[in-house]
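For this one, chain A is given, so just place chain B on it according to the hints.
So the sequence lines, in the order shown, correspond to chains A and B.
Going by this note's numbering, the residue at position 35 of the first sequence is 310; the numbering climbs one at a time, nothing skipped.
Going by this note's numbering, the residue at position 29 of the second sequence is 1216; the numbering climbs one at a time, nothing skipped.
The set of hints was computed from the structure by calculation and includes no laboratory data.
The beta-carbon is built from N, C-alpha and C at its ideal position, and this holds for glycine as well.
A few of these clues could be false.
A short, non-exhaustive set of chain A residues, derived as facing chain B with CB atoms under 10 Å [what the hints assert, rightly or not]:
1) Val364
2) Val370
3) Gly383
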Amino acid sequence: DARVTQTPRHKVTEMGQEVTMRCQPILGHNTVFWYRQTMMQGLELLAYFRNRAPLDDSGMPKDRFSAEMPDATLATLKIQPSEPRDSAVYFCASVLTGSNYGYTFGSGTRLTVV
Amino acid sequence: AQSVTQLGSHVSVSEGALVLLRCNYSSSVPPYLFWYVQYPNQGLQLLLKYTSAATLVKGINGFEAEFKKSETSFHLTKPSAHMSDAAEYFCAVSDNTNAGKSTFGDGTTLTVKP
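For reference, chain A alone in the conformation it holds in the complex (with noise of 0.2 Å):
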């Protein structure tokens, strides 16, 4: 089956520390959108690109975040600087826009700032 691969998949690090996230989304999907799952907030979109492109970023905090697809096999989220507040599991997902096979996920980062 076709996977869409996250690293790291554990991550710590002190406050004030960059974290990035890596994403490689299945072959030949055209859409990556980047998710934070946490207890209190649930499932929570942060940003999201078509064709490398990106269509919304509004989910995320703009000082800190910044998400990227340098290429169309490859995405990355970035916080610079990180806080204990973004402790959070970082899911990515992929699809192919126009059809209707769901969203492919990573099995996700867990980040722990501390």
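Chain B in isolation, oriented as in the chain A frame:
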């Protein structure tokens, strides 16, 4: 605009009992509807989907859902719960015109008692 309401953030059933997880949607166009399941420490995975074909949809692990346009509902059922069904379940709606963007419900945690 589209939205999803999952009735009941927590559902508890006994092993062997009927599972019923409720989902109501709102969409200005004919919707695509999805159920996803999330097991502990994993990403969401597609359980089943409705894409305007048969209104009764069968998915993995013995789950099924029925699309009822008149009730704007897409409830998830399973005749007999197994311990392994304990997970969080998310309903999602997509009109497939907004870059393939889905709107997710808040999730329902299913507990299965022995």
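Against the structure, the hints:
1. Restraint check, Val364 (chain A) versus chain B: the minimum CB separation of about 9 Å is within 10 Å; hint holds.
2. With a least beta-carbon distance of about 5 Å to chain B, the hint placing Val370 (chain A) at the interface is held under the 10 Å criterion.
3. Checking Gly383 (chain A) against chain B: minimum C-beta separation of about 5 Å stays under 10 Å; hint holds.
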